[in-house]
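Visitor: Start from the sequences, fold in the hints, and give me the full structure.
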Amino acid sequence: TVLFSSWLTAIKYRIEEIQTKPDVKDQAVRMGILENEQFPYLQWNPDEGEHQKDPQDPLSIKDAIQVVDQLHQLIVHPNVVGRFHPLRKLTSDMQSDVIPWTLETQNRTQESQMTYQLIGRMIRSGCTHLAASALRPSKLGRSPLATAVDKMIQEL
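In the numbering used here, the protein residues as written are 4 to 159.
A hint or two may mislead.
[Unchecked claim] Below, a list of computed lysine-lysine pairs in the DSS-like style, where the Cα atoms sit at most 25 angstroms apart:
hint : residue 1 : residue 2
1    : K28       : K65
2    : K56       : K142
3    : K28       : K56
4    : K28       : K15
5    : K65       : K24
6    : K142      : K92
7    : K15       : K56
8    : K154      : K142
9    : K65       : K15
Source of the hints: derived by calculation from the structure; they are not laboratory data.
Guide: Written as structure tokens, this is what we have:
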């Protein structure tokens, strides 16, 4: 919860910088993560090797701040954030520019349901790129362990 809160704080800080510092705002526009005071939703295009705008209606700066503030209030409740951790071991000699993380929200309380909905508004939003990150939903399917167990059962 503390790590996720820090991530939200970083996003809010960067959004506030966009509002107060023209050079930061210009950089966000050049990066394609801010357009007309709104954060477009971005989809990765593997053929082009870059993010491209999604036709979904963008998230306004005001709405992005509101989402981050609401998430900050909700994640302090028990049974909201299940896990938030890197998928690989963090070392001082990382080879990749990207560190994949996983976020699991619980499904037991009204607060967790609201958190799930708010995170859904941030998925693929340009505002997450302000904290050098991207949020995307997990793909439905079996875990590697479940796949291995199924393969073993099929071979019996």
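Visitor: Indicate, hint by hint, whether the structure satisfies it.
Guide: Now for the hints, and whether the structure bears them out:
With a C-alpha separation of about 15 angstroms, the suggested pairing of K28 with K65 holds against the 25 angstroms cut-off. Between the alpha carbons of K56 and K142 the distance comes to roughly 21 angstroms, so the proposed pair stays at or under 25 angstroms and holds. A hinted pair counts as satisfied when its Cα atoms are at most 25 angstroms apart, and K28 with K56 qualifies at roughly 18 angstroms. The hinted pair formed by K28 and K15 meets the criterion: a straight-line CA distance of about 14 angstroms does not exceed 25 angstroms.
Distance restraint check for K65 and K24: the Cα-Cα separation of roughly 16 angstroms lies within the 25 angstroms cut-off, and the hinted pair is therefore satisfied. A C-alpha spacing of about 22 angstroms is found between K142 and K92, which places the hinted pair at or below 25 angstroms, so the restraint holds. About 22 angstroms separates the Cα atoms of K15 and K56, which keeps this hinted pair within 25 angstroms; it holds. Note on K154 and K142: the hinted pairing holds, with a Cα-Cα distance of about 20 angstroms set against a maximum of 25 angstroms.
Among the hinted pairs, K65 with K15 is consistent with the structure: their alpha-carbon atoms are about 11 angstroms apart, no more than 25 angstroms.
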